[in-house]
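2 protein chains.
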Amino acid sequence: MNIILDAHGGDHAPLEAIKGAELAVKEYGVSVTLCGVEEEIRALADEHKVNLDEMRIVPAAQVLPMAADPSEIFGQYSESSMAVSMRLLADGGGDALVTAGNTGAMAMGASIIVKRLPGIKRAALAVIVPNARGSYLLLDVGANVECRPEMLQQFGIMGSAYMEKVVNIQNPRVGMINIGTEETKGHPLQIEAGVLLRESAVNFIGNIEARELPFGGCDVAVCDGFTGNVTLKLTEGMGKWISAEFKRILLKKTSTKLAAILIRDGLTKFKQAMDYTEYGGAPLLGLRSPVIKAHGSSNAHAFKNAVRQAKTMVETEMIGQISQSLRDLNGHSQ
Amino acid sequence: MNIILDAHGGDHAPLEAIKGAELAVKEYGVSVTLCGVEEEIRALADEHKVNLDEMRIVPAAQVLPMAADPSEIFGQYSESSMAVSMRLLADGGGDALVTAGNTGAMAMGASIIVKRLPGIKRAALAVIVPNARGSYLLLDVGANVECRPEMLQQFGIMGSAYMEKVVNIQNPRVGMINIGTEETKGHPLQIEAGVLLRESAVNFIGNIEARELPFGGCDVAVCDGFTGNVTLKLTEGMGKWISAEFKRILLKKTSTKLAAILIRDGLTKFKQAMDYTEYGGAPLLGLRSPVIKAHGSSNAHAFKNAVRQAKTMVETEMIGQISQSLRDLNGHSQ
Chain H
4 MNIILDAHGG
14 DHAPLEAIKG
24 AELAVKEYGV
34 SVTLCGVEEE
44 IRALADEHKV
54 NLDEMRIVPA
64 AQVLPMAADP
74 SEIFGQYSES
84 SMAVSMRLLA
94 DGGGDALVTA
104 GNTGAMAMGA
114 SIIVKRLPGI
124 KRAALAVIVP
134 NARGSYLLLD
144 VGANVECRPE
154 MLQQFGIMGS
164 AYMEKVVNIQ
174 NPRVGMINIG
184 TEETKGHPLQ
194 IEAGVLLRES
204 AVNFIGNIEA
214 RELPFGGCDV
224 AVCDGFTGNV
234 TLKLTEGMGK
244 WISAEFKRIL
254 LKKTSTKLAA
264 ILIRDGLTKF
274 KQAMDYTEYG
284 GAPLLGLRSP
294 VIKAHGSSNA
304 HAFKNAVRQA
314 KTMVETEMIG
324 QISQSLRDLN
334 GHSQ
Chain D
4 MNIILDAHGG
14 DHAPLEAIKG
24 AELAVKEYGV
34 SVTLCGVEEE
44 IRALADEHKV
54 NLDEMRIVPA
64 AQVLPMAADP
74 SEIFGQYSES
84 SMAVSMRLLA
94 DGGGDALVTA
104 GNTGAMAMGA
114 SIIVKRLPGI
124 KRAALAVIVP
134 NARGSYLLLD
144 VGANVECRPE
154 MLQQFGIMGS
164 AYMEKVVNIQ
174 NPRVGMINIG
184 TEETKGHPLQ
194 IEAGVLLRES
204 AVNFIGNIEA
214 RELPFGGCDV
224 AVCDGFTGNV
234 TLKLTEGMGK
244 WISAEFKRIL
254 LKKTSTKLAA
264 ILIRDGLTKF
274 KQAMDYTEYG
284 GAPLLGLRSP
294 VIKAHGSSNA
304 HAFKNAVRQA
314 KTMVETEMIG
324 QISQSLRDLN
334 GHSQ
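Sequence lines, in order, name chains H and D.
Under the numbering used here, the first residue of the first sequence carries the number 4, and numbering increases by one thereafter.
Under the numbering used here, the first residue of the second sequence carries the number 4, and numbering increases by one thereafter.
Rather than coming from a laboratory, the hints here were simulated on the basis of the structure.
Honestly, I wouldn't trust all of these hints.
In this list, chains with the same sequence are indistinguishable; a pair is considered to hold if it fits within one copy or across any two.
[Unchecked claim] As a list, the in silico DSSO-like pairs of lysine-lysine whose alpha-carbon atoms are at most 30 Å apart:
#	residue 1	residue 2
1	Lys272	Lys243
2	Lys260	Lys22
3	Lys22	Lys272
4	Lys118	Lys188
5	Lys52	Lys29
6	Lys274	Lys118
7	Lys29	Lys250
Owing to the predicted nature of the structure, the values given are computational and were not obtained by experimental measurement.
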């Protein structure tokens, strides 16, 4: 198996990207194709003693900036490492792609270059979010601000396939984020998507209120990209704020510092459970090949986990599962 | 000053409502008019030794159930304590109204019976949400699922007046919840509302991402009722989940239980800061008189604080401030 890694995406690229690639090659036995500015990659590898022996480097002339206008992946950055790695994936030069670069450019570029599966309206960006039962998959988290009901239905099908194949959850419970559990709640979007999801072969449990998400009310939470983005960022913000408050309480004086020592093990475990780097990246679902968006602040460990995630998506033939579910749905509705 | 209290709203009514009224009379020197089934109120007061001497009771024949269809406040529950208290307020029988009853019925009933201020498109339900800087006002939290840009502009104006007058925040920073800080982000709703808010006399600081809300990124967060409802419920859910995780860590074994004792003071303070009962209720803004929705699970303490909040809304002439701001805006845009 061969995973393509865009070496220039993210705040700590390319050094952390190539370090992560080295770890992944060693740990998972995959081959990795690095895509980027070859001289820069080789010079950094020399300086930091990163072993590139098992890796192929496909050169790219440019780096797409994190703040660039997404459509520039087809314009002034059409020779960027992100664009080149996508063409490589589309042409069969690898089995999956990992990038920590510009999210908008990735979503736009992948839909056109890697292409969507037949019948898929829009690719959705999905994120694994930690919660009381381990984690749930939230999608879409921002690739599609405006959604139609059929898109939310497809998000449910794709999210269900991902959780079943990649995270190994049997018969994942799919919920739709809404402002009440009744079928009449929400915008017309949610009311109509609810009808479609109930007709689908996924295990749709109905509407879910946002307060149930942290307690594991569902395994897949479906919503439009606006709601998903707010949900994801508020989850992050609340986690950081409350953790900071507890830290402040623990560091207040000598006696509370003793308390901090006594509960250190538990706190460390909880911090690990909340750590996004353990979960790899955000899969862009609905494409013909797996594409993973690693977090912009990914370190080597996060890149390594994103490669593992890409490997699992390939091994478990998750994309075939999505295609099959779509064919079943179309057969069913005809 | 005379505050009308719907004695039958909420899970613990009427007992906690009348206990709260007694506390409020004693502590704030207001007079309270209880609206409800008189025999039941008097019997409970006798049994629990609640002093009703300073209170007037306006009888109502019915109780509107928490799960009733909101429109039934004009139908089979038109003689309920909620409907009767609203007519009493509209007719000048009190200065403000507090109810812990059915939120939908309250929003619908108040708009028609108490009536909106001239020029106000829709009343908005606003909630004070605890955060790192104390609190912020979130509106709308569910009274208006579908919003137009002018409604979000008015939410900003009303929320700003509330925070300035009632919570005593000078020149409150008004932000609009969105998926990015750029003016081009979001649905057409947010893009157009942004233009209107920048034209308003409020201190509009632009878009705010949900991760900044817990850290006090703004004093007033404006959004449609769908987004506000998700934001409010996820804030609640995350707070409860993380607190439960810390509790689990603290109760694990003898040594961690010692830690719990060492940090008890800090935890208690944090818990108090997170406690909704301290903040009173959710004001329904945009009406001709103050109406406060107390939490459905309000105890006597929460009812008392909601009465205090109603008193402050009357004393500070917050509604006059909203009217003035609207007139200024209309003068400005003409």
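Hint check, failures only: When the structure is compared with the hints, numbers 2, 6, 7 turn out to be violated.
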